[in-house]
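There are 2 protein chains.
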Amino acid sequence: MRPAFDPTLYLVTDTALSAPRSVPDVVRAAVAGGVTAVQVRDKTASRRELYQLTLAVRAVLDPGVALFVNDAVDVALLAGADGVHVGQDDLPPAEVRALIGPDRLLGLSTGDDDELAVALALPPGTVDVVGIGPVWTTPTKPDAGTGLGPGGVAALAAEAAAGGLRSVAIGGISAERAALVTGVDGICVVSAVCAAPDPAAAARALRGAR
Amino acid sequence: MRPAFDPTLYLVTDTALSAPRSVPDVVRAAVAGGVTAVQVRDKTASRRELYQLTLAVRAVLDPGVALFVNDAVDVALLAGADGVHVGQDDLPPAEVRALIGPDRLLGLSTGDDDELAVALALPPGTVDVVGIGPVWTTPTKPDAGTGLGPGGVAALAAEAAAGGLRSVAIGGISAERAALVTGVDGICVVSAVCAAPDPAAAARALRGAR
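Each protein sequence line maps, in turn, to chains A and B.
End of the first sequence sits at 333 in our numbering; the numbers just go up one at a time, nothing left out.
End of the second sequence sits at 333 in our numbering; the numbers just go up one at a time, nothing left out.
None of these hints come from the bench; they were simulated from the model.
Mixed in with the good hints there might be a few duds.
Taking lysine to aspartate or glutamate pairs in the EDC-like style, the calculated list, with each CA pair at most 20 Å apart, reads [to be verified]:
id : chain 1 : residue 1 : chain 2 : residue 2
1  : A       : 166       : B       : 282
2  : A       : 166       : A       : 212
3  : B       : 166       : A       : 172
4  : B       : 166       : A       : 299
5  : B       : 166       : B       : 212
6  : A       : 166       : B       : 226
7  : A       : 166       : A       : 137
8  : A       : 166       : B       : 172
9  : B       : 166       : A       : 251
10 : B       : 166       : B       : 129
Note that the structure is predicted; figures quoted are calculated from it, not measured.
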C-alpha cells in the first residue's frame, strides 16, 4: 500500500538556496508553515552526503508529510523514504517501480504532451504523480525549457487526471502567482521557500493562495 | 553465494578515454586480451545513461568475467551486475550490503591505513575486495592523492589479506610498472587500457607482466 501523500504544497529542497541555514531547518519551518510533502534534491551532493541529508530531513518530518528523494533510488530505499521522484534522465519509471516495490510512491517529471503520454502508457500503479512544468521559466533549473504557462499546465493536468495520475505543477511558482495555477492537485516550490528569509511565512503565504 | 570473481586484471571503464570507440567495444577487446573483471564507471553520466551503458557492457561479457558498477547501487541491481564498487564518498559499505543482499560482490576504495581499518572492522562478508591506491599519482583521478608506492600498497594488501579481504591495486599502473606491484590479488587499470590504441594488446601486455 502506498504511503499517505498530500500534494497540496510540495517542497523541493535546494541546499545552496537554503544556506546558510541547513536544509532540515528550512524543511522544519516550511512544514510548520503548511508544506505537505518534501522532496530532497541535491544534484551536487555525493551519494553519501545525499543519504545523510535525507536521514536528517526525515528526522524533522511528521509521519503525515511524505518524503521523496530525487533520482537516487538506492538512497530512498536505504533512508526509508516514502517515495522517489525521477526526471527524464534518471532511471526509467518501470525500472524504478521494480526496485521500490508496491509500497512506495513514484513521481515523474513531464514537460510536454509526449512525456506525459509515455507516463500514461505505463502499467497502472507504476507512477503515482507527475510533475508538470516548468510553469514559468525558473532560475533554479535553467535547463528546464521555456514555460508552459498556466493554460499549458492545466491541459496536461487534465490529461493526467483522466489517466488516473495525480499532478503537481513546478517552475517559478510564487505566492503571487500560485492562484494562477489551476487543474493540478498541488504546487511544487523550490526558491519560493528555500530562498525566503522566513520559510514558514513563505509556506503560509503559498497555502493561503491555494 | 557470491558470483565468481577473478581480480587478476580488473578494468575500470572511462567513457571519455575510450572515445571515439564505445565503452562496450573497448571492454570486448580488453576481455579478449585477458581482462578478468570489469567495473563500469562514469561519473558524468546520468543514471539513465549509466544504466544503459551497464546493460551494453553486460551484453558483451562472458559470464566468467565479473561485472561491477561504480557507486550506483540502484543501477547495479537493475542491470543484474555481479557487484558494486563504492568509494569513501559513496553510500557506506554496510548500507550497500543491506541493499544488495548476500549474492553480490562489494568492493571498497581505500587509500590509507585508517580507511582499510574501517573496512576490516565491518562484519565479515560486508566487503569482498578493497581497492588500494593510488599506487602512483594518476591523471584520470587527480583528486585521489599522492601515490602510496608499491611498498605502501604491499603493506596495506598484507593487512587486507590478514583480515580476509582480497585486494586490487589501482592508480597509474602500466604494463611497464605492473611487475612492481606485489602483494595484491590483482591490478586495476583505466587509462592503460581505455586510452590504448589497441585495448586487446594492452590487456595482453598487462597480463604478461603479472
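Could you tell me which of the hints above the structure violates, numbers in ascending order? Going through the list in order, the structure violates hints 1, 4, 6, 9 and 10 and respects the others.
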